[in-house]
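Undergrad: Take the sequences, apply the hints, and build the full model.
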Amino acid sequence: MTERTATPSKTPPPSPASRGRGGRGRPPVVPDHRGGRAPVRSRPPLPARLRRDWQLLLMTLPAIGLLAVFHYTPTLGNIIAFQNYNPWDGVLGSPWVGLTQFERLFTDPRFWSAVGNTLMIAAVQLVFFFPIPIALAILLDSVLSPRLRLVLQSIVYMPHFFSWVLVVTLFQQILGGAGLFSQMLRQNGHAPLEIMTDPDAFLFVVTSQMIWKDAGWGTIIFLAALAAVNQNLYESAAVDGAGRWRRMWHITLPGLRPVIILLLILKLGDILNVGFEQFYLQRDAFGSNVSEVLDTFIYHQTLVTGNFSAGAVAGLVKGVVGLVLILLANKLAHKMGEHGIYRRA
Amino acid sequence: MPSHPLRPAIRRRRFLGLVGASTTAAITAGALSGCGPGSGDGGGGGSASDASSLDDLIPTRIPFEGVTPDIKGQHGAPDGFTAYPENFIRAMSEPPGRGGRYTAMTPLWGPIPPGLGDNSFFDHVNGRLGATVEFNFQDGNTVIDKMNAVIAGRDVADITMIPDWVINLIPQFNRAVGELFEDLTPHLAGDAARAYPLLANLDSDAWRWNVFNQRLHGVPWPSEPFGNWVLYRRDLLEEYGIEPPASPDDLFAIGEEVNDPDNNRWAFGDFNLSMRQVFGAPKQWRYEGGELIHMFETDEWRASIEYMRKVFDAGLVHPDIVAHGDNAKELLNSGQIVFNQDGIGAWHEAYMQMLGENPDFRLDLMPVFGDGGNDPVMHRSDPSGQSVFVRKGMEPEQVEEILGILDFCAAPFGTQEYMDYRYGEEGVHHERDDNGAPQLTDTGNAEVNDGYYFLSGRPQAVTESQYPDFVRWKCDWYNHAARFTEEDPFAGIRIQRPERFSAAETPMTDKVEDIIRGREGLGALDEAIANWRRDGGDEGREFYMEVLQEHGRD
Amino acid sequence: MSTLFKDRPVWAERPSLPAYAAKSTTLAAIAVVIVFPLYVVILTSLSPASAVNSAGGLVLIPQGISFQAYADLFSGGVVTRAVLVSLGVTAVGTLVSLVATILAAYGLSQPGSLWHRPLLFAVLLTFLFAPGMIPLYLLVSDLGMIDSYWSLILPTAVNAFNLVVMRAFFMNLPQEIGDSARVDGANEWTILTRLVLPMSKGVTAVVGLFYAVGYWNAFFNAILYINDNAKWPLQLVLRQYVQQGQQLSSSSVIGNAVQGGTASAPNLAIQMAIVVVALVPVTFIYPLVQKHFTKGVIIGAVKG
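Residue numbers (the working numbering), protein chains in the order written: chain A, 1 to 345; chain W, 346 to 899; chain P, 900 to 1203.
The set of hints was computed from the structure by calculation and includes no laboratory data. All C-beta atoms in this analysis are idealised placements derived from N, C-alpha and C, irrespective of residue type, glycine included. Hints should not be assumed to be uniformly reliable.
One side only, chain W facing chain P, incomplete, derived with CB under 10 Å [what the hints assert, rightly or not]: (1) 462; (2) 480; (3) 634; (4) 672.
From chain W, some residues computed to sit far from chain P (all C-beta separations above 12 Å) [said to hold, decoys possible]: (5) 427; (6) 479; (7) 524; (8) 585; (9) 644; (10) 694; (11) 739; (12) 818.
Covered by chain W, according to a simulated footprint, are these stretches of chain P (three or more residues, beta-carbon under 8 Å) [stated by the list, open to error]: (13) 1128 to 1136; (14) 1182 to 1190.
TA: Right, here's the structure in full:
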């Protein structure tokens, strides 16, 4: 990735520090992967690497330990996907049923319809929601007055702290059939709005709600990334006559690119988790045909029938799909010269 | 409509809608073989057998001679008291406790009070009890999650209250109950209950409901017969000079008359579940000519759906309700809607909020009527709304002490004990107003809670005499409505429903919402019913048929 | 979209008038779209019963002011206590999370280090596969952490997303800095604390914010693991107010709950007061975080 530097060929800013020199500081025993596309050519023997890296390993210990205890151990419980599980008998006492639970899920047309809705919503989120925090962050970052910038940033991230119930209620009271706008329309002899109950408007409404609630919150990470962009680059670019557009294209966006790509990949891993409450709450308003997503489907399955195994099956499916997508996306990112989540060896 | 507090986190009514179609309170669970009442005595005897077979296991009923009701409840309706008595009866001559200390886990729907040590209400009642109850309240909307976890972990408290709808949703509860909770049969069956006269005063059907695997495990909460009905703004109708409706057509006509969106008034909220009863659909199954017919398969139910569709199509339902908003109470209180179905308890709740600023505010329950001259079919709640269990493995004396505490908490209206556990100490936690009704003081508002109230049930009664005409109107409605109570072929049988049968209901209810709200034509109903039968409905029918046979009711 | 241009004092040209106008309008519109609902929420929380009842929902037009909802919330001291619990759990939890996350993010950020790929993969898997509620409960119960504040912290202490993000920022720092320090004999701990962290204040603040908000908003762990109501965090205590009256309405069974109350604030006003109460700390936190988004750091950290 050496050359992923923000240094576009046409703009003059000096190439950031040269990189990829000697390994990790020790006499260059190990070729530096970081520096390059070049794969590792030689590896020192394990004891040598241990001697070199034990501090790093030690540092990962607290987090890995916490995850091992509080995540991996209970996650093993997901083997109930292969059981007819009930909490009273527990994992040890519940009968094993092989792939029956999977089969049941996969042969249920409503499962596939929920998957379809989920993917549709995810696609809309990716295309219409994902870029907005980036644009908003750039816009906010361009505000010159520090005080105004702080105020604006503080305001836009507030809706994140509203529960979905409140967001839905607010939308209804402002845009619903008896809401603020509808009443104004009525008083002027027009037809009221019906988007809050129109299945055709469903994607539009839920995406608007998402944008309203979380776009501001989503800017935070990009604002942090923007702050890390070397200001000298702008200066020298300006001195060299690069206009605003060009500076944004060649400095700002490349500065954000690693974060954008990372978040995009993580989002893909999460693709079947489009949210639960927002859809659960508006199920009857828009109808289950459009609003049933994977999580609400499973919720009704498990709640009504006490079938915890169905939930575990869905969890495994989501995880595997996410894993595959992450690996593919990561590979793609490498092809495009990006790190992605982790670089290839 | 399950008549108990339900889970969904935020908006319960949505959930009620969903499970609702599943019919009432009986999310009852199915044939726990050998678990349901009556199944153990060899099954098949005459139709009387299931009831009588349990009679050895439950307390002999000894009515408590307390305050005489002003309005006697008929056909199972609760008694009414139009005033608080001047002086309260002491039901117990001495505190039931012996200085023990017990933890109690119960859900709470309302603010968490200050805990033991910071709460003079707890001190007061514990003093009366002669024992210390330490409450661990749970979030009322997530009891099912908590109980599933607690039961999987075998972590139950000394005293555990579980709402009935939760019991029915806990997988394998019939097996867990015997291992986690004390068998109360030796302490309470037959004449043994004489030691706990206030528990012996509780309704026998409610006790029968708490028999699991032929053992008495729970202390019941006798429920009011009906959970939900249509409430309407009686004051507004009087302003319009309109008589309350006496038929579905009347109701529709009134709706058209009062509906006025330009002036921010709509006629209706949602009342799908009440209309089922108006049109005469069964709560779940109808047993006819040796066959079980499910509600979904009856013409009456279909007529109720057609009616609801007509109501929605005519634009009589408030748009927020069409969008399934959760502000129906506020809409009714503000007069933006005139009719709305709600829990019957919402009535006095609304009075509590509204009468102060608007003394003319009046609600009433919509009169019970049928369609086309037929009688309505009123769906009765299951006989016990919750159960209180004692942790297994306690010393017999401890079990007795706990039962003494529960006995205290079963004291009915009109007793000093009732006032103690509900309103605390007079002069400290409450004052009595001109009518003798208790009004919580500031201390009371901060400290008094429903903890003890949930430790046991008591005979249901209509007692809110502080609100004008409330007791009389409500009792009149009850006594009228109770005459039309459905003859449920499964009355009194606790049934754990087959999984596929339960699961088949969600798509069905979804479809019904689609039809009512105009997203699908009425024609979609046939296909939905066919799918329902295929995906679990017919399976359920066979299962229920077996239950009938097992109980000798076929 | 000239609004997207960056204006920097040092080198910035004055924006054209239309560009300036467009940018201002966009920002103003965004602010209004967010501020108006905020106003509605705050107004409703401050409305007397009569206003809420006549609005039939949220109050859009002021009709008197009442602090009853807030008085109700803070009477009895339970909410106050829960605020302290939540602040404590949030502070300790954020600290634990940040330390574990920073260490691991750095430990996994050095190219070619031993086992970093399998370890990173293991972290990633936790992002994809979540444990079930009951196994987690059994674990916490077996560890004896029921009714311990640690049960609100440790199970969620490390978040894979945050870890991966932080690692990515670390990797975008110029490698040479660490390299030369190592040549000078610095150990990894020194490099992390003296060199890497000071250059990573922004991302540290952001990840800290993510964790803090997570702890602050969490309630479900407390539902499962905390029986003692005195140890309930704020969000859980507040939830109870929203449920007030719910059993009344849907149930005849539990239908007679305490009825003698004096006219208390209407449910909706309380609900909105709850939103406001939970929002207040949040308004203080952001400026603290944003402070660390300092511009023009030494490094040409445009990437990695």
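Undergrad: Could you check that no beta carbon of chain P comes within 12 Å of the beta carbon of residue 524 of chain W?
TA: Non-interface label on residue 524 of chain W holds, nearest chain P Cβ at 17 Å vs cutoff 12 Å.
Undergrad: Are at least 3 residues of the region 1182 to 1190 of chain P within less than 8 Å of chain W when you compare beta carbons?
TA: violated (count 0)
Undergrad: Is the Cβ of residue 818 of chain W farther than 12 Å from every Cβ of chain P?
TA: Holds: least Cβ distance 15 Å, greater than 12 Å.
Undergrad: Per the coverage rule (Cβ-Cβ under 8 Å, at least three residues), is the region 1128 to 1136 of chain P covered by chain W?
TA: As far as the region 1128 to 1136 of chain P goes, the hint holds, because 5 residues have Cβ atoms under 8 Å from chain W.
Undergrad: Just want to verify: residue 694 of chain W was marked as not at the interface with chain P; is every Cβ pair farther apart than 12 Å?
TA: 4 Å, violated
Undergrad: Please verify that the nearest CB of chain P lies beyond 12 Å from residue 585 of chain W's CB.
TA: 19 Å, holds
Undergrad: Does the claim that residue 739 of chain W lies outside the interface with chain P hold up, using a Cβ gap greater than 12 Å?
TA: The claim holds: residue 739 of chain W sits with its nearest Cβ about 18 Å from chain P, beyond 12 Å.
Undergrad: Interface hint check: residue 634 of chain W, Cβ to nearest Cβ on chain P, cutoff 10 Å. Holds or violated?
TA: 33 Å, violated
Undergrad: How about residue 462 of chain W: closest beta carbon in chain P under 10 Å, or not?
TA: 9 Å, holds
Undergrad: May I ask you to check that residue 427 of chain W keeps its beta-carbon over 12 Å from the closest beta-carbon of chain P?
TA: 15 Å, holds
Undergrad: Using Cβ atoms and 12 Å as the threshold, tell me whether residue 644 of chain W really stays out of contact range of chain P.
TA: Non-interface label stands for residue 644 of chain W: nearest chain P Cβ at 29 Å, farther than 12 Å.
Undergrad: A closest beta-carbon separation below 10 Å is what the hint needs, so does residue 672 of chain W meet it against chain P?
TA: 5 Å, holds
Consistency note: the structure conflicts with the earlier hints numbered 3, 6, 10 and 14.
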